[in-house]
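J.: Chains E and H, in that order, are what the protein sequence lines are.
The end of the first sequence is residue 421 by my numbering, with every number in the run present.
The end of the second sequence is residue 384 by my numbering, with every number in the run present.
Don't take each hint at face value.
[Stated by the list, open to error] Calculated cross-link-like contacts (lysine-lysine; reagent style BS3-like; alpha-carbon spacing at most 30 angstroms):
(1) H:K181 - E:K404
(2) H:K208 - E:K393
(3) E:K393 - E:K261
(4) E:K261 - H:K255
(5) E:K393 - E:K183
Source of the hints: derived by calculation from the structure; they are not laboratory data.
These figures come from a predicted structure and were not determined experimentally.
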Amino acid sequence: MKLRKSKTPKQSASHKKWTIGFLIAAVIIWVFYTYIMYNLPDGPQTIFQNWFPPTTINEAMVWVICALGLNIVVGYAGLLDLGFVAFWAIGGYTAGWFMSAFFRQVNIHLGSPSDAAKLPGIHVTFWGVLFIGGLICAFFGIIIGAPTLRLKSDYLALVTLGFGEIIPQVFTNGENIAGFNMSNGTKGISPVDNISVPGKILGPFDFSWKFAIFVLLTAIMVFVSLRLRKGRLGRAWLAIREDELAASMMGVPLMSTKLAAYAVGAFSGGVGGVAFATHVNGVFADRFNFSISIILLAMVVLGGMGNVWGVMVGALLVAWINSTGLPAFGDLVNNTFGTSINFPSYNFLLFGGVLILMMLFKREGMIPESRLKAILHEADDTTSNVGGAH
Amino acid sequence: MSLFSGGYQARQDRRRYLERTLSIIAAFGLLFWLGINFLKSPSQFFQASLIGLSNGILYALIALGYTLVYGIIELINFAHGDLFMLSAVFSANFITIWFHRDSSSPAAWGLFLMCLLTVMILAATVNVGIERFAYRRLRRAPKLAPLITAVGVSFVLQFIGLRWNGSGPKTWNSVLPSGYFHISTIKIPYTTLLSFVITTPLLILMSWIVTRTRQGKAMRATAQDQDAARLMGINVDRTISFTFALGGALAGAAGLLFQQTRGLTSYNLGYQLGLIAFTSAVMGGIGNLQGAVLGALLIGLIQGLNDGLPIGLGQQWSQTVVFSILILLMAFRPTGLLGKAVTEKV
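Based on the sequences and whatever the hints tell you, model everything.
T.: So this is what it looks like as structure tokens:
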């Protein structure tokens, strides 16, 4: 195996550049949406409202958080997870349970915002629920991972897929589980509590403050991803990704390392879920379907598996295309040429095509991780030696 | 894994013991549930079993495609279920829209057979095409790559289904005889009988091709060791294409049968049924043809009983039941019912 010499100094310099770029972009976007956009003249403001509405930006940040979690599982540890939507759903319902008046039977308040003080139900502060959601998801990640991580990678993909089917169905049918209303069925749980920051309670339309919070969460995720990757655990993940057998011979404990990847990935899925619940001000069972898992996968693959910054760019791009870009572009084309093509219905083709083409021609993604690139194309060299499958 | 650590043997024994105990408890629970239901309403029990088995035979046709492909190139072909869906949509269009047949008559039955042939050939061609353009280049790439590609192909096929069939489900009239006959109190529709009559020869033919013909021998050799097979003068590429063609043809037949017996098509059909079929394949032991059929019948039966019995979880938990079985199987017996434990090739 050709392992390239590690380029630590150069890599950390590039991380520094990306970090600064990320922060500057975040500040610019925040300033723009807080102070400038609503003071623009009508023309440009409509353009921004059509192409980059603040709700899309915030939703994209939630996608980024989840995609970064999936990146740890798929990109770092090389385990294919096709049911990531389960963690998103569990995180969302955690927010529904702990941040709303849903459980009227009880009356628990833990640092809840002042406007929820009189309501029945469980009200825990947003910051606490982030942790609870993350921990519950990590727990489920371990539950589902522990018996199945012994399996071959493709079986694992299938089990996660099954898990991603079961969990949303449990929530959809959860209105009456032995007489207990767990999830309010298809009606969902709404509204959830507002987020309280010192001196302010953020209403459902405080987009720019929520943006700041989501950016903070993303930054924490990026930091954690980068630190983990450099540490012992991260190196163990990469070793497993590259050659499981060799890694176990070198003394990497396969099970616990894989489980850790699963738990960390699930944790961020939970955080993303909680964030999303506050973003849409509720949780609704029918939102959680298989295509979310695939879109997340497309984000990771498109951006570059294993590269945090690549995944972030991929996630922003795909999330934007999915929620606003494609419909807005469709409107533009339809208005210009007088056609009536339903552009959003092409997203299946788009994401499927992205997955196929990226795998066939640019497996390492848009912003590749140098090490992964070497591995993914290692196979191309051996083909010529063995006599070729062509 | 920790092959050389001290307690390995003891741990294996404990594990085996645990597995045996759990499976005995599960079996008793299952029998108890079936017994109660049987006593409560025997006719409903048999009716539900019949529905389950007629679903199961369809799952078997799809499951064989998964198991064949997995057996030969170790790829979970996620697109297979969607091929089935496209076949169903094609059959509906072929019979009802292009040839304007929506009621049962001898001419329509002839058309049904013609459609069977057409859709099998077409699905086989499409499946071979998918293998040629999407999977072949990735045969030596890391496992993740072909898997993700398969998911991508599945999405593209779903897109075609979405454009062709519309976003909602569509209902169609069947050209098969619609009546039913009785055995004591159990209603047996002619369509159920027909799907057994059509499926059984296909399964036998399939089994004959794999076990008795030269091409089947080449398939088994390729499944064992591609490089060795190539050295023995087997055209590996052609053999793999042939396998995809077989699987595709069966999916095509399943599509037509599903459309005619249920009278329903929808673009996300393939995803749901594909997953169930794959579960069946795993249940029987993936790569094992008889296993896939057995697993499919069992899964169909379990699903039918769960949906139809008076004391059961009911239809809204159908998927959960099937996938819980999948997860439990994966955890405790990944080799399936008929599969043999194999050490992974390094």
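J.: Could you work out which of the previously given hints the structure breaks and list their numbers from low to high?
T.: Violated hints: 2, 4; rest satisfied.
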